[in-house]
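Going down the list, the protein sequences come from chains A and B.
Mapping of the first sequence onto full-length UniProt numbering: residues 1 to 488, in sequence order.
Mapping of the second sequence onto full-length UniProt numbering: residues 1 to 488, in sequence order.
Since the hints were made in silico from the structure, they are not lab data.
No false leads were mixed into what you were given.
Straight-line Cα separation of at most 30 angstroms, BS3-like style, residue types lysine-lysine; simulated pairs:
{"hint": "1", "chain 1": "B", "residue 1": "Lys55", "chain 2": "A", "residue 2": "Lys200"}
{"hint": "2", "chain 1": "B", "residue 1": "Lys348", "chain 2": "A", "residue 2": "Lys256"}
{"hint": "3", "chain 1": "A", "residue 1": "Lys99", "chain 2": "B", "residue 2": "Lys88"}
{"hint": "4", "chain 1": "B", "residue 1": "Lys446", "chain 2": "A", "residue 2": "Lys99"}
{"hint": "5", "chain 1": "A", "residue 1": "Lys470", "chain 2": "A", "residue 2": "Lys425"}
{"hint": "6", "chain 1": "B", "residue 1": "Lys78", "chain 2": "A", "residue 2": "Lys158"}
{"hint": "7", "chain 1": "A", "residue 1": "Lys78", "chain 2": "B", "residue 2": "Lys158"}
{"hint": "8", "chain 1": "A", "residue 1": "Lys58", "chain 2": "B", "residue 2": "Lys55"}
{"hint": "9", "chain 1": "A", "residue 1": "Lys55", "chain 2": "A", "residue 2": "Lys200"}
{"hint": "10", "chain 1": "A", "residue 1": "Lys158", "chain 2": "B", "residue 2": "Lys114"}
{"hint": "11", "chain 1": "B", "residue 1": "Lys78", "chain 2": "A", "residue 2": "Lys105"}
{"hint": "12", "chain 1": "A", "residue 1": "Lys260", "chain 2": "B", "residue 2": "Lys314"}
{"hint": "13", "chain 1": "A", "residue 1": "Lys251", "chain 2": "B", "residue 2": "Lys99"}
{"hint": "14", "chain 1": "B", "residue 1": "Lys158", "chain 2": "A", "residue 2": "Lys105"}
There are 2 protein chains.
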Amino acid sequence: MSKRGITPKEKNYSQWYLDIVERAQLAEASTVRGCMVIKPYGYAIWENIQRELDKRIKELGASNAYFPLFIPISFFSKEADHIKGFAKESAVVTHYRLKESDDGKSIVVDPEAKLEEELIIRPTSETVMYDTFSRWIKSWRDLPLKINQWANVVRWEKRTRPFLRTTEFLWQEGHTVHSSHKEAEKQVIDALNMYVRFAKEILALDTYSGRKSDSEKFAGAVDTYGVEALMQDGKALQFGTSHDLGQNFAKVFDIKYVNKKGELEYPWQTSWGVSTRMVGAVIMSHSDNLGLVLPPIIAPIKVVIVPIYSEENKEEVNRYATDVLTKLNTLIDDVELDDRDFVTPGYKYNEWEKKGVPIRIEIGQNDIEKSVVTVVRRDTGEKTEINKENLASEVSNILLEIQQNLLDRSRNLIEEHTHEVSSYKEFKEIIGSKKGFVKAYWCGSKECEDNIKYDTKATNRCFSKERKGKCVYCGKESTEEWVFAIAY
Amino acid sequence: MSKRGITPKEKNYSQWYLDIVERAQLAEASTVRGCMVIKPYGYAIWENIQRELDKRIKELGASNAYFPLFIPISFFSKEADHIKGFAKESAVVTHYRLKESDDGKSIVVDPEAKLEEELIIRPTSETVMYDTFSRWIKSWRDLPLKINQWANVVRWEKRTRPFLRTTEFLWQEGHTVHSSHKEAEKQVIDALNMYVRFAKEILALDTYSGRKSDSEKFAGAVDTYGVEALMQDGKALQFGTSHDLGQNFAKVFDIKYVNKKGELEYPWQTSWGVSTRMVGAVIMSHSDNLGLVLPPIIAPIKVVIVPIYSEENKEEVNRYATDVLTKLNTLIDDVELDDRDFVTPGYKYNEWEKKGVPIRIEIGQNDIEKSVVTVVRRDTGEKTEINKENLASEVSNILLEIQQNLLDRSRNLIEEHTHEVSSYKEFKEIIGSKKGFVKAYWCGSKECEDNIKYDTKATNRCFSKERKGKCVYCGKESTEEWVFAIAY
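With the hints as extra help, turn the sequences into a complete structure.
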């Protein structure tokens, strides 16, 4: 472990991630098994993500609404595939009252207060929403219906890791209903592309995206599309999915509408979501051995000013620093002046580097005399002197450059770690040594997919393109190239 | 019931409220007992409230964070008073897995997957947060700590009513930790006043606010302060509370810090919250027999434009309407042009009145010829012709006037329904006939409070002022005047 408490990623990538989550004060384990506490700094990143994403969700025409946390257990029995894939690892509410223990010293569950039907804490809201949609939708005039929900969901996970996999997590789930399969399919792709653009423009993450294989699709869906990012250890991380639900749920929840011809029809549905997992993807993708690195757009603090003074020039330096703050605030929100006088500038550099603040501005006697400030970039470590006069616009530009640089790095990482292979030997060699994304022909059989996974731990991440070749595993004719990777 | 499906409030106030919630498409009961679905239009009001309130909470210096939904049952056994007041009517998670039934046709709780310790769905987060705070707080430098959480909470209610009382509801809970009782007391009052100002400036609601009596205070608090609004039926509605928790929870959860003198001390805590109940307060306070009335600041749609045309002038009218929309958008967000051509203008008036849109703009041939529009206020029904030229600024002004008018009405309602009484006979007469707020001396004894409640259903809402007199019930010397009312 380094002096600042961060294990180098080359030594132990998994520990490096946990160290950053801790040292940057993003989250911590709670006393409740598998649940995390999202600390203010981590939550501020999530709020920035939420705000940007909410705009784009509304641009897709969806309105926010809120549905119950509880789902009657019988709802899960309705959609056969949904049962198999989802309902299993869920939290179950069986009682609704507590009482004092006989000795009056503690509190216990009141056995008398047993629910007639158990309630499941939502692992996702298809069932509880679609039960309601069946009452909302009557005619073609009610379509398309586009609803989004920001909520907490619970999936009882055995092994958890902050942001990436926790028992309770926060997410948004979009649910839409359409009068034709074609329109629903377009919605699935529109939502997918919205996530792809969001990853690129806001999170500075390049991705692969596309249709999933049958074994990787959502329980109850006709088709699932996923967005896959690449972590620095060469493993893929799925951070968003978009599902074509066909008429599967409509039939089960009896959603019907009268079409323009006056006939009763089942509509076509989609659902799509991303979660606090995105925060994990951002941390893992951009950070380094000094700590967190954040794309400026989602950074809670974009610029930190650190004054360097002695007892003699303290007042003068602080006055200059306040002046710099005022100038920056004309163009940039979220600038912080760190004027704590009980820690050294070096301590402050350390702390803000760990927390991934994109730009640090140092101000000392020298800078004042030259009417400049010293600007240090978090992503490259590069130091520049900038004239105080055009400070705000120059610093704004550097923030844009940082955002772009992180995206370029992400793009390069994917390019360098994408390999087209022609034999299974090569497939195994690359997955075994460099990891990353491997493009290969696949015949579409579950058997080949399972065997590849068994041999290499790599799974089918998404469809790549139509192309004629031979299945990398069995050698049969194939018309499709797919992207494989070992995934989180 | 009137033609538009709203029971007149004079006939049945309670049904009138339910009709408005339904007809304005704000919320509906879900299949899950006691839980509501907040529909897009109702949720948009909540989003506007959230955005405005979040700013003010951050101005108080609090940061948002997120803590687990689940609370181990043993946490509730720690604070003796908290047990008594709160933990009773809660949802209890006992299992964490489901399985297919033996016949494979449904899903059942897996009896093998029983939790070692039951988990309570948070009814409020003091316990789970303060367990964490005990690890965050070490020195005086960590204080004050100010955390806010936006979350869903669950209290198993027997009788529910949309927004006003539901098993699951949405809220914000602020939790702060201070190094002195004085500072904590200031925070309690600052939070209270923030709510009072929010009610006035954003919700257009005048209120009473002040300290609660012992029997009405929060379980585990030293003192509770409340904000009380008055509904049109003369009943009070508490929509926010702020608690001085003293050192009660700090002692139980072992939160300690080293003060400036190097000594270990327990800090002082506060908590304060408001919920989706506020939406209920807004609906009940401002609406009329035509439907919902909304303060413009929180209205999801502030202005609706309804074009009135025949087949001949349809194009011309719609062009003019679009032009009006563009003009309004220069100054006002959330303007909607209702250009549906399968319903009549009259149908549209009805619908937007029910939904409480503050301003309706009617555009017909006559208006076009005179280069004006007809503006109709939802709060007064008043119609004015406004010249198209300075439309945006005039309509902005009318929105401000409506906001002010609703506040004036609320203030008048409270003034008209506040009575100072000098005898218990008078107390009973007023509560029995006019209801409203009654100011009376009270000696401070629980017995008198209980007797008053038993006789009249009126409870002690909050402290009014120091003043010498005789207790309205027992006649003993009293130094305090209190505000009583029958409450929701």
